Amino acid sequence: MLKWNVGDLVQTRDAYGEALLDVGRRRKDIAVMDSDLQRSNKTYAFGQAHPERFFDMGIAEADMVCTAAGMAATGFTVFATSFAMFVPGRAYDQIRLQLSYARENVKIIGVSAGLTQGPDGATHQALDDIALARLLPNLTVLVPADATEAYQAVLAAAEVEGPVYIRLGRYPTPVIFREDYVFEVGAMPVLRQGSDLVIYATGIMAALALDTAVILAGRGVDAAVLNVPTLKPLDARAILHAAEGKQLAVTMEEHWISGGLGSAVAEILAENRDTPALLRIGVNDVFGQSATAAELLEHYGLTPDHMAAAILTKLEAEQRRQ
Amino acid sequence: MVDDRRLAELEAVARDMRYQMVRMMGADKPHHFGGSLSIVEMVTALYFYKMRYDPADPNWDGRDRFVMSKGHTVPAQYVALAKLGVLPMEALPTLKQLGSILQGHPNACMTPGLEACTGSLGQGLSFANGIALAARIRGLGIRVYCLLGDGELHEGQVWEAAMSSSTYKLDSLCALVDRNHLKSQGQVDEAKNLEPLAAKWQAFGWHTIGIDGHDLRQVCDALDEAETIKGKPSMILAQTVKGKGVPFMEGQFQFHNAPISQSQWAEAMQILAPEEVA
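From first to last, the protein sequence lines are chains A and B.
Residue 298 in the working numbering sits at position 298 of the first sequence, and the numbers go up by one each step.
Take any residue in the second sequence, note its place counting from 1, add 1000, and you have its number in the working numbering.
By construction, these hints were calculated from the structure, which means they are not laboratory data.
Do not take every clue at face value.
Unchecked claim - Covered stretches of chain B, going by a simulated chain A footprint (3 or more residues, C-beta under 8 Å):
| # | stretch |
| --- | --- |
| 1 | 1110 to 1122 |
| 2 | 1129 to 1140 |
As the list claims (entries may be wrong) - Restraint-style ranges between C-beta atoms, simulated for each label pair:
| # | chain 1 | residue 1 | chain 2 | residue 2 | range |
| --- | --- | --- | --- | --- | --- |
| 3 | A | Val190 | B | Glu1090 | 49 to 57 Å |
| 4 | A | Asp36 | B | Gln1202 | 21 to 29 Å |
| 5 | B | Ala1258 | A | Ser290 | 49 to 57 Å |
| 6 | B | Asn1059 | A | Phe287 | 31 to 39 Å |
| 7 | B | Leu1098 | A | His241 | 48 to 56 Å |
| 8 | A | Val160 | B | Arg1006 | 46 to 54 Å |
This one's a predicted model, so the numbers in the text were calculated from it and none came from an experiment.
Backbone N, C-alpha and C fix where the C-beta goes; we use that ideal spot for every residue, glycine too.
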């Protein structure tokens, strides 16, 4: 297994490529498909190592998903890969029928997700994939925070008997987990303890949430940070437990604020009593645009400075109400 | 090759398939009569003539696979599976009832003998490609059959899959098109013209065989011919009549998915009844 040091800047898609080589070497029933993005999506090395089990399905995501399902029905565990913009979105009906309903053993890997896709602009920035995937019965939905977690999530997905969606990115994000970290589907690691408010963060936002918490600490606000790598099944008890006694709950995601983590947490908090107010941080019902990833995070308010300011404003408003 | 005696047996099976199917569907409930009746000879030839299949072990790894891509006509498959004993005959009257193993569209998780979940059209050929690819790697030596509707060919994904089948030289794959010329709301070709259909499939790298889809000898011969074709997939283009066997339904798109009255049902049952009973 490839190892990364805490603080290294690594793209989660790189961890995917390494993990495929690892599991593909050990298991002959692993097959990989891509839809003409194998160099970008890091499936290329698997294709070189195991050409008989790698399929470039061309620019045909719907066909890829159903072909993967047919292979899965005939004994393979298949990783079907494209940009997160196209799977689940473009192949949604196929994923709904062949994977969610039929429970075929296919892992959908959506790469270059979110605003940090960057220069290609709104057409290629998936801000809805978590929402789409989260809707579907029987689908496990994973959004790793860093390379270490992504690597382990891919290995874990290979062991799940059934369909999985994994969201990955191309933004060099700091490694936050040490090599002895053990990823478990459904677990929600506490990254930082805190007493005033709780931040639930998913994907690359976990590292940014930690930076935000440092800024808040400098303003006298003690924020807990939870990493949420499993969006489905979502551990409602862990969400509620972390919110207990807090003045505010905050969600952070590189996704539209509707349908994703923010909505999932809102659903849980709204169905229970004595829960804190909620601030959903994400992309607010607008499309992205072409720019560098860093410029986009800045422009759409997803940097630690912006997010700390938004949290303080919301916190003061809540304190005035009480 | 199918001999005369075998052919007569198959014709009796097909006749009973239609009778059992319309009996199962009954009166006053919407069902996909038209397209289920037009595929009877093809389903009969697959299950009772061609496929390597053990009804006692429908999950046998070495079985030939049949993917019903035009999922709405699964009633014909249900009847075939019941006649083989894969499904209990008693299950047939529960079609589409709450809690039944017989869903309106195929669910391979619920119904023994089904290979795929279909119903959203255009997905089955891709799925069949996946089976053929996996079987080739695993050396299973099986054949894969996939039945599509002609209206289904309007779905673009079919043509994505068609390119994959020939690119990967899937000669274990034989697809069939139920060319009954009618979709749910009228003529298939008036919405999107499919012709020249054989030339299209040939251009996509397929071996094509044109037949009368109600002539069991032609269906059996076509399935035999497909097995001899190496290096490319085979496509059987079967000219059929929607609603075949029930005169008031034949060639009428209105019976694509509709209820029939008690008197219509009684008329159909009389026409389709086994000869010794009629």
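Are Val190(A) and Glu1090(B) spaced within 49 to 57 Å by their CB atoms? 55 Å, holds
Verdict for Val160(A), Arg1006(B) (Cβ pair) under range 46 to 54 Å: Because 47 Å falls inside the window, the suggested range holds.
With a C-beta cutoff of 8 Å, work out whether three or more residues of the stretch 1110 to 1122 of chain B approach chain A closely enough for the coverage to hold. holds (count 7)
Taking 8 Å as the C-beta cutoff, is the stated coverage of the stretch 1129 to 1140 of chain B by chain A satisfied by three or more residues? holds (count 10)
Does 21 to 29 Å hold as the CB distance between Asp36(A) and Gln1202(B), or does it fail? Roughly 26 Å apart at Cβ, these two residues keep to the hinted range, so it holds.
Could you see if the CB distance from Leu1098(B) to His241(A) stays within 48 to 56 Å? At roughly 39 Å between Cβ atoms, His241(A) and Leu1098(B) fall outside 48 to 56 Å, so the hint is violated.
Using the C-beta atoms of Asn1059(B) and Phe287(A), is the stated range 31 to 39 Å upheld? Taking Cβ atoms as reference, Asn1059(B) and Phe287(A) lie about 47 Å apart, which means the hint is violated.
Is 49 to 57 Å respected by the C-beta to C-beta distance linking Ala1258(B) and Ser290(A)? Since Ala1258(B) and Ser290(A) have Cβ atoms about 52 Å apart, the given range 49 to 57 Å holds.
Hint violations for this structure: numbers 6, 7, all remaining hints satisfied.
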